[in-house]
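In the order they appear, the protein sequences are chains A and B.
Going by this note's numbering, the first residue of the first sequence is number 1, and it counts up by one from there.
Going by this note's numbering, the first residue of the second sequence is number 1001, and it counts up by one from there.
Everything labelled a hint here was simulated from the structure, so no lab data went into it.
Since the model is a prediction, treat every value here as computed from it, not as a measurement.
Among the hints, a few may not be true.
Claimed, not checked - Residues of chain B placed beyond 10 Å of chain A at every Cβ, according to the derived structure: (1) P1122; (2) R1138; (3) E1188; (4) R1230; (5) V1337; (6) Q1354; (7) K1410; (8) V1499; (9) S1545; (10) P1615; (11) E1636; (12) Q1689.
Said to hold, decoys possible - What follows is a list of derived Cβ distance ranges for each label pair: (13) R1584(B) / P400(A): 25 to 33 Å; (14) R482(A) / F1322(B): 43 to 51 Å; (15) G94(A) / S1315(B): 29 to 37 Å; (16) P1564(B) / H574(A): 52 to 60 Å; (17) V688(A) / Y1559(B): 42 to 50 Å; (18) N1311(B) / G94(A): 30 to 38 Å; (19) P1357(B) / P539(A): 38 to 46 Å; (20) Y1559(B) / S155(A): 54 to 62 Å; (21) V1152(B) / I538(A): 35 to 43 Å; (22) T1321(B) / G540(A): 38 to 46 Å; (23) G177(A) / N1311(B): 34 to 42 Å.
To be verified - Where chain B lies over chain A, by a calculated footprint (3+ residues, C-beta under 8 Å): (24) 252-264; (25) 525-536; (26) 661-672.
The beta carbon of each residue, even a glycine, is placed where N, CA and C say it ideally should be.
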Amino acid sequence: MNSAKTQGTLEYDLIDVEVHQKSIRNIANEMAITLMRTSGSPVVTDAKDFSTCILDANGEQLAFSGFVSFHVSTALLGVQAVMRRVDPANLRPGDAFACNDPHTSGAVHQGDVGIVMPFFFEDKLVAWGYVNEHVLDIGGSAISGFALGAVDSFSESLAFPGTRIARDGAIDPEWEGFIANNVRMAGTVLNDIRSMIAANNAGQRRLEATLAEIGLDRFTTLNEESKRLSEIGLRAIITSMPDGTYDSSDWVEFDARGIEELHEIHCRLIVEDDEITLQFRGGPQTDSFVNGVEPSVLGQSWTTILAQLAYDIPINAGIWRPVHFDLGPKGSIVNAVAPAPVTMSHIQTGMRVNKLLIDVFSQACSFSKNPVIGARVAGQPAQNQTYFTAFGVDRRTGNPTVSFSMSVGMSSGGAGQSVGDGMEIYAAQAMAGCDMPDVEAEEMSQPGMILWRRVEPDTGGAGVFRGGNGVNTCLAILHCDRMNAGAYTNSAYVPPRGVAGGFAGSAGTWKLLRDTNILDLLETGIYPTEESLQGHSIPGPTQSASLTLNRGDVYTVIHGGGGGAGDPLLRETHRVSADVSDGYVSAGVAHDVYGVELAENGSVDEVGTMALRESIREARIGGKVKRPILSNAPTFAPLGIVNERWACNMCGEDLGASTGNWRTQAVTKEQEISGRFAELKSNVRKRVQFEEVVLRENSCPGCASSLVVDVTLDGHPLVQSSRPGVFERFPAAI
Amino acid sequence: MKSQLVEKNDYAVGVDVGGTHTDLVLSGPNGLVRSKSFTTHGDYSVGIFNALELAANQLGQERDEVLAQCHAFINGSTIVTNAITELRGAKVGVLITRGFKDTFRLASGARRVEYDDHLQTPPPDVVARDCIEEISERVMSNGEIAVPLDEVEVRAAVRRLRDNGVEAIAICYLWSFSDGTNEKRTREIVLEEIPGIFITLSSEVHPVVGEYPRFMTAVFNCLSHRATTRYVEGLQTQLGNAGFTGTLTFFQGIGGSVGAEAVQAKPVTLMQSGPAGGVMGARHAAARLGLTNIFVGDMGGTSFDTAVLPNLEPSIAKQATFGPFHTGINMLDIVSVGAGGGSVAWLDGRGVPQVGPHSAGSEPGPACYGRGGTEPTVTDANVILGLIDPGNYLNGRHQLSVADASAAVKNRIGDPLGWDVKQAAAGIYDLAVIEMANALRVVSIERGHHPRDFTFFSYGGGLGLFAVEICRRLGCPSIVIPDNSSAFSAYGVLIADYVRQYEQTVNWDLSDPSQADRINEAMAVMLSQAKHDAGLEGIAPGDLSVERSGDFRFLGQTYEVTVPLQDVDFVPADAARLADDFPRVYERNYGEGTAWKGSPVVLMTLSTRVIHHRPKPTERQQAVVVGVPTPQPVGERSVFLPSERRDAVLPIYAEADLIPGAVVNGPCIVDVGDTTIYVPEGSECGRDQYFNFTLTA
């Protein structure tokens, strides 16, 4: 415990600081309440896709409210953009500035519009308010700004670089007319912008009342103390992570133009005493909306830092102080510059950033002797956001209609944690608190019916704690003769990885069944199931801007599951048998992957299981198992360093000098991933045009425990191992 | 049915069976008496009869003498709340539309509002997976049956459920609220296969669009039926044996009571009944005082419950959520935060003290209970500060240990921070105040109100120590601590009216006026059901007051705004009028310029609430006399004043000496026996004609 007291002398009573901190956060909460009460948009009420933030006059954060955690960066960068652009002498109460451009005003994508307003007290600028909401549309070539066809940011959407759109607390009629002329569903979008202004106005009023009570000097001092406390809290966590260098690579996918592109991105974590540095590197920026850009890379980094490590530290400027970001040279896919297209920056490169950070933090935490930090080892969540959007005319009303099923998009599995299995419909790490619309709600608003919505077994990666399974949802178009559609996904070729010997989870996939018999089935009163439904499917890319759907077409989205945590052969057998009877794991996978022998009544044959698990171990290393497992305690930390030698913590086997890569001493089985996944009953798209994606299962030569299951490309070098105690930074950007 | 006896019999009983205590208020010809006993979880009636005996004895009567003259026995209880929050109850089977077996697992998105990934876990299985059976049948979004019920499948599935030993069956079909034919036919088949089994149809328990809350309501209804039936039937028998011939009713979370048969058919209506009793009691007491806007607070052992009543109208939470479960249960809109007497103080990762939401519960309880608790709680802080008299806590029911309280606060908070024990206790007190004040503020602001325009009704044994400090934080000027505040939920239960609520989704797009007849038909069905149900309890249709309301939204939104409707049928011209009016109503709720002007307006769900007003008990009353001399203190106590961080010797006044019109000035303590009121410096405490304490912030 690093108590505030032991780290320095407080000038103010700790209770006063904490009461103040809570009251400022309460103001941010009230801004959020105002937004929810005035917006009425399902994006706000259901998907909870918004946030509010209060920053001080210097642009340092004081409080943050909201559960789209990547907005932690957009609040800061948006206000900084306004501070750069605006002459303070020309700033008045009631001014509002629009920030939605990832290249100039700190947004993660153009659909997330931030509204920045200055807060005044007695004619003095004392703070900034920031409210961000995903508006339903922001103009450009695709709805909601997801411009799959765009090749540069100019063809994507409107982009406000921190533009003053309001004076005296109301939107400027000139700007109102301009926006209305450029976006779809203008009434709703303008209402959302007005709601954001109203939320900031509420913040201004409450902050004024607070300042009238405590005065500016005390306000400033308590803010500084509060930032210091958050800083102390995060430094204490970092101190518990062993010093060293930890690396991870992943690939951003794009195949909408017929070429199976994979763009490599890399993250290096350096832990040094009570500070961390996150270095991101990647190939050149590309001409599709997948590019990473500073706001999304920083924002998604905060998402993972908050979910994995700093979940109970009040968010303010203090948490930025021990964390250093280095995005490398400009113009790369992790540090793109205008006019790179970026409308899926947060979902494509951004959600890979989550996966990279989960990997490097898990590596570092696995070496920690602090039980709380040591337990923060986790697999990667699937986070495959697979959306269908379709537009057509409803044949019942003659009105235009949209099919954009939120529940289909978000239903992917969470990762296995050291404390339990991942959950279904985890969605994305940044989406805490989001709801999934009911089937009836979606059928009421969309031109079709949902045939099933079910948990897809075996999609969660196997482990001591397995990944959450993905959800399989099937929709039939019934009420439009023809619809123009787009399909998006972000994780079809390179699936989420497990941790500590846990297996990779399934990737996401979708299928389109054309010319089906669904209308006939419904006509004759036969329930449409996978068996009774017939039609033909045409293979295509995993992303497409130009699909045509006809009446009676049926599309199915099968989401991926999260990666598992720990060697599946160590999963408690009763959990496996329960999963089989509950339908979450198939009997085949229970046998082949978990090594559990089930009797006919579903109960565990413990003797048979022991023998089966032994034979799976033998198969892993191609011979007899030399060493017994000494302890299950290091399940989530199977690798350690003893006397400057790598060792298997499970059995004590020596794995080479700690200056080297332990993988050279492991028994590694490499297989093309789609082949191996077929055995695991998991889904992944086979890459045929370029190097294949491969799974490398690294086992201990002593006890045959699964140590790490790598996902990489055919012919790529050994995956870099953790380097505790070593500090090796990439050279700084030019 | 007993109406001819009402005038003759003088007594009525209100009971609130809580987790730890059973509170009882007995009304007689000369006013109210209250009593408290320990809740007896094996057989709740034991605790109830113990409390009744104590109350009767205060009037110099025997228990059964009182019962024989009692015309009404009204019961609030935590039984269904326990069944649902602990997921303990009957083994439930589910028949569900094919393709949607996993609805319960997906739980409308079980992702919690937390950053911490360790908290993002799958929801627990309320229904065992092998007790969920998929059935081929399908109603479409327009209410048409596209796939008829496969009766052979139903029969086979029901037999499997029977072999699995289910005790109740929930029938959960998509769109059943718009056509319940398949659910009804399924019930017939179930009863043929398992005669007499308890069945809930989702289309009957909650005929509202949105399958997950509707299905969960059916499942929870099944889950809680066994405990409810046992409780209701047990109480009926015991009271009958003791000579009770009056009316036994049960208090629902919606704030009114109904008879035994009604709650046995729909036990979920008992959810949150105790807290709802307090709210209705406050409403009654406030109306008598001529107050218009109140918000209420009730501090228990584990939580602080609060509700806002603008114009004394409690709002209804239409889709109550329990943990990860969304339901369609209607209850009074009461928000609970983890700040009670047993809430634990701890140091977070920054080394900063926090209070709650974790609680020491009733076992081991606060450290000062001396039952092995080592974590410091809010109650421990109060003992250290001297606000609670350790020798006379709850009329002496608990002997408290100052040494144990001090050790806990010292070890966990004081020593790590280098603070002395009193400073640490004052910090815990402050944080408890801020948690409760913030909850009240958010609850008010979320519903569009400001605390400064409201009077705070504070009840529950512990809140009198905090009420003034909470209101000072909120800018709320006045506080009422009502008479009988320590058993206030039982008081609210006692004054209950008959209340029932009916709902039906109608999904009327108001751009189509020709639908008016269909909507009137739906309303007529509800009203005739309401009259039928009331008739079963001996209430004539003419004695019912009917309130109609509609849940409206703009097309494309997901949440509705409830709007009161006149008690007359619609004519086609009403469609345009309602659509034109709605933006104004919407903007009154959410602010100017927020209406989705130009979007079609939909009347999604119709509701009817029927009320039968019951006679109210006699309560003590005494005219306020001007110029009452200030009472003399009965003692004094050394207190460390939490807000001023200094020691002071405070006078203690006895409740009996504060007669209507009397006023005492803070800092002082008013001892009510089972309640303590802390009047800080600058506040004054008086007594009104109904013996309520009135305080200024």
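A quick look at each hint next to the structure:
With a cut of 10 Å on Cβ distances, P1122(B) falls inside the contact zone with chain A, its closest approach being about 5 Å. Non-interface status of R1138(B) relative to chain A is broken: a Cβ of that chain comes within 10 Å, the nearest being about 6 Å off. Non-interface status of E1188(B) relative to chain A is upheld: no Cβ of that chain comes within 10 Å, the nearest being about 20 Å off. Its beta-carbon lying about 30 Å from the closest one in chain A, R1230(B) satisfies the requirement of being farther than 10 Å from that chain.
Every C-beta of chain A lies more than 10 Å from that of V1337(B), the closest at about 13 Å, which supports listing it as non-interface. With a closest Cβ-Cβ approach of about 8 Å to chain A, Q1354(B) is found to fall inside the 10 Å limit, against its non-interface label. Against chain A, the non-interface label of K1410(B) holds: every CB pair exceeds 10 Å, the least being about 15 Å. Residue placement check: V1499(B) keeps its beta carbon more than 10 Å from all beta carbons of chain A (closest about 28 Å).
For S1545(B), the condition that its CB be more than 10 Å from all CB atoms of chain A holds, with the nearest at approximately 31 Å. For P1615(B), the shortest C-beta to C-beta distance to chain A comes to about 40 Å, beyond the 10 Å cut-off, and the non-interface label holds. A cut-off of 10 Å between C-beta atoms confirms that E1636(B) is not in contact with chain A; the least separation is 28 Å. Non-interface call for Q1689(B) relative to chain A: holds, since the shortest CB-CB distance, roughly 36 Å, exceeds 10 Å.
Our hint of 25 to 33 Å for R1584(B) and P400(A) holds, since their Cβ atoms are close to 28 Å apart. Between R482(A) and F1322(B) the CB atoms are about 45 Å apart, so this pair conforms to the stated range of 43 to 51 Å. A beta carbon spacing of about 33 Å between G94(A) and S1315(B) agrees with the range 29 to 37 Å that was offered as a hint. Remark: the range hint 52 to 60 Å for P1564(B) to H574(A) is upheld by a beta-carbon distance near 54 Å.
Checked against the hint of 42 to 50 Å, the C-beta distance between V688(A) and Y1559(B) comes to roughly 47 Å, which is consistent with it. Remark: the range hint 30 to 38 Å for N1311(B) to G94(A) is upheld by a beta-carbon distance near 33 Å. About 52 Å separates the C-beta atoms of P1357(B) and P539(A), a value inconsistent with the hinted range of 38 to 46 Å. Y1559(B) and S155(A) have their C-beta atoms about 36 Å apart, which leaves the hinted 54 to 62 Å range violated.
The beta-carbon spacing between V1152(B) and I538(A), approximately 37 Å, falls within the hinted interval of 35 to 43 Å. Range check, T1321(B) to G540(A): about 41 Å between beta-carbon atoms, so the 38 to 46 Å window is met. Between G177(A) and N1311(B) the Cβ separation comes to about 41 Å, which falls inside the hinted range of 34 to 42 Å. Judged by the Cβ-Cβ criterion of 8 Å, the segment 252-264 of chain A is not covered by chain B as claimed, because only 0 of its residues qualify and three are needed.
A count of 4 residues in the segment 525-536 of chain A with a Cβ less than 8 Å from any Cβ of chain B is obtained; the coverage claim is therefore met, three being the minimum. Note: the segment 661-672 of chain A has 0 residues with beta-carbon separation from chain B under 8 Å; the three-residue rule is not met and the coverage is violated.
Checked against the numbered hints above, the structure violates hints 1, 2, 6, 19, 20, 24, 26; every other hint is satisfied.
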